[in-house]
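Asker: Got chain A sorted already, so can you dock chain B onto it with the hints?
This is what each chain is made of:
Protein chains: 2
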Amino acid sequence: MAELFDLAAIGNAIVDVIAPADDAFLLDEGLDKGSMMLVDEVRGRDLYSRMKPGVETSGGSAANTVAGLASLGGRAAFLGKVANDQLGEVFAHDMRAGGAHFSTPPLIGGPATARCLVNVTPEGERTMSTFLGASTEFTADDIDPAIIEAANIVYLEGYLFDAAPARRAFAKAAGLARAAGRRIALTLSDGFVVDRHRDGLLGFIETQVDLLFANESEILALFETDSLENALTALKSKVPMAAVTLGANGSVILKGDETVVVSAAKIDKILDTTGAGDQYAAGFMFGLSRDRSLMDCGRLGSLAAGEVISHYGPRPQTSLRDLATREGL
Amino acid sequence: MAELFDLAAIGNAIVDVIAPADDAFLLDEGLDKGSMMLVDEVRGRDLYSRMKPGVETSGGSAANTVAGLASLGGRAAFLGKVANDQLGEVFAHDMRAGGAHFSTPPLIGGPATARCLVNVTPEGERTMSTFLGASTEFTADDIDPAIIEAANIVYLEGYLFDAAPARRAFAKAAGLARAAGRRIALTLSDGFVVDRHRDGLLGFIETQVDLLFANESEILALFETDSLENALTALKSKVPMAAVTLGANGSVILKGDETVVVSAAKIDKILDTTGAGDQYAAGFMFGLSRDRSLMDCGRLGSLAAGEVISHYGPRPQTSLRDLATREGL
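Chains A and B are the protein sequences, given in the same order.
Position one of the first sequence corresponds to residue 1 (the working numbering), numbered consecutively onward.
Position one of the second sequence corresponds to residue 1 (the working numbering), numbered consecutively onward.
Bound-form chain A, shown alone:
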């Protein structure tokens, strides 16, 4: 089949509720700064009732990446489950209005659209509490083979490992991608996700993954080490290509014997780091799908991540394509 998409991504379809918070609030609520915790609906409502006034934006890790890739001028499809409610409509609108393909039918008569309560502390760090709602009802039946087979890269979100039906959908997508000769990329998503599913993730990475995205804490968690050097060495033997983001220190790209070090974008004031890793992946995979050099892939990642941390919300608010053109990328 012809290649219609640079990227097809599968992930949780989530609406973010973003509000400022201070460290005392995180402590009172038992929230671990910088992490993602799963909450049930009751705990979600309870926490929300004590959060500050917020802003609602479409989110979800892989969905943010799809939005970023579309903003760069790429062709992307998203697969994920919303409910047929107001926030589900908002999510679907934002996906399509940004130029992405989104055709997963909404869930009828089940839980509400997933919501992620994002508490942003003054230094810009985000701490997330997610009610997965309808997004856990994404099953293998929602995998449209025509989309997977038509994508240059199939991208999977580690968060999906938390739901068994999604893990099966994952496996189906990987099988279809492999059979169609497509590349499979995975993001580890979160250190706690890695702790919960280390063996499953390692097995999947070794057997299926062509390109792995992770940040420092995730990669340390994966190999149960405190040494970044050891973790990077271990990673090289597990996966053909990896990009490890290091916050303000940029990123490291590993491919066989090659190691490419990329700087972070210079940002005057970091407002909200939500979505930084998602946008890095968007820039990187946009470059990769267009056969750019590893350095350019990394720089596109830094550029996209830099845009998103300079404002509240996990998706670009300016055209990344225009930004990349201005930067000579």
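Worth flagging that the hints you see were computed from the coordinates, not collected in a lab.
Just so you know, not all the hints are guaranteed correct.
As the list claims (entries may be wrong) - In silico EDC-like pairs for lysine to aspartate or glutamate, Cα to Cα no more than 20 angstroms straight-line:
#1 B:Lys52 x A:Glu89
#2 A:Lys269 x B:Asp268
#3 A:Lys52 x B:Glu89
Claimed, not checked - Simulated restraints on C-beta separations:
#4 A:Ser217 x B:Ala180: 55 to 65 angstroms
#5 B:Asp268 x A:Thr225: 44 to 54 angstroms
#6 B:Ala248 x A:Asp268: 35 to 45 angstroms
#7 B:Ala248 x A:Glu229: 54 to 64 angstroms
#8 A:Asp268 x B:Arg45: 50 to 60 angstroms
#9 B:Asp268 x A:Asp32: 33 to 43 angstroms
#10 B:Leu228 x A:Arg43: 48 to 58 angstroms
#11 A:Asp23 x B:Asp268: 23 to 33 angstroms
#12 B:Arg45 x A:Ala24: 57 to 67 angstroms
#13 A:Ser263 x B:Ile267: 27 to 37 angstroms
To be verified - So, partial list: chain B residues that the calculated Cβ filter (under 7 angstroms) puts toward chain A:
#14 Lys52
#15 Thr57
#16 Leu87
#17 Asp94
Glycine included, each C-beta is placed from N, C-alpha and C at the ideal position.
Answerer: Quick look at chain B alone, frame taken from chain A:
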């Protein structure tokens, strides 16, 4: 009864959907730049389907003013109608989480929570298309006399003149406020609202209003003139006190023979003017309820308006109280 609130405000309870747009889009959609048009649900959905990805925030003119006054450290109550749906919950959360009192029961089994589609063009001007939904079901029964009678200022939104039951609620609130010796403030809201209800508004202003807020186009519409000078002269004879905002030129305050001219706040980059007038009113009435000078009331208004036009969204994202303290106000 003791004075519990600096302000009690009645208005439409609306969630804003804010997205960037260009002039060609406004033209194609027949939208009049800078105005507020009412749309039905079908037209609202249709327009939304062609808008860019957006951000959702609680809005509504008088509700924004309440949020601003609370951010300044004032005590404010809001009366307005949401539906018992997701966006209604968001609205109620944001009102209360910002420190305002909000106890109007949500509408059950009627239209959805009101939504305002805000298209923001590159210069920061906002063009609004509002589906009033549940907010038009606000009736005189929703006026809680205990709240009106306990407020230093009772503030009414001109937009409410578009719905007959709200006009009756308006009259009830004004009667209660008058009987309790409270001050009544009104904002004209929009030039088209003034055109639709000129006689009703003029009658209400002459007989009931102690303090009128308007911008230049609204005041020109009210007196059907092209001369600001003529409009201001006419205004002096109709109402004891008025504050007329003039965008980048600041504002003019009229009280009897007194005329006070106030500068606008200096802003590096105007991103989105949504809520500028609402926040001006918040600052002004916070000052007034604390017996500050007219100049200080105007400066508090400029300060609050300046904060809100420097980011997307119609409500303060930083503490206006801290901002005012830093500015020596």
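Asker: Indicate, hint by hint, whether the structure satisfies it.
Answerer: Each hint, compared with the structure:
no., hint, result
1, B:Lys52 x A:Glu89, "holds, 14 angstroms"
2, A:Lys269 x B:Asp268, "holds, 15 angstroms"
3, A:Lys52 x B:Glu89, "holds, 14 angstroms"
4, A:Ser217 x B:Ala180: 55 to 65 angstroms, "holds, 59 angstroms"
5, B:Asp268 x A:Thr225: 44 to 54 angstroms, "holds, 46 angstroms"
6, B:Ala248 x A:Asp268: 35 to 45 angstroms, "violated, 25 angstroms"
7, B:Ala248 x A:Glu229: 54 to 64 angstroms, "holds, 56 angstroms"
8, A:Asp268 x B:Arg45: 50 to 60 angstroms, "violated, 39 angstroms"
9, B:Asp268 x A:Asp32: 33 to 43 angstroms, "holds, 36 angstroms"
10, B:Leu228 x A:Arg43: 48 to 58 angstroms, "holds, 55 angstroms"
11, A:Asp23 x B:Asp268: 23 to 33 angstroms, "holds, 29 angstroms"
12, B:Arg45 x A:Ala24: 57 to 67 angstroms, "violated, 43 angstroms"
13, A:Ser263 x B:Ile267: 27 to 37 angstroms, "holds, 32 angstroms"
14, Lys52, "holds, 5 angstroms"
15, Thr57, "holds, 5 angstroms"
16, Leu87, "holds, 5 angstroms"
17, Asp94, "holds, 4 angstroms"
The structure fails to meet hints 6, 8, 12 from the earlier list, while all remaining hints are met.
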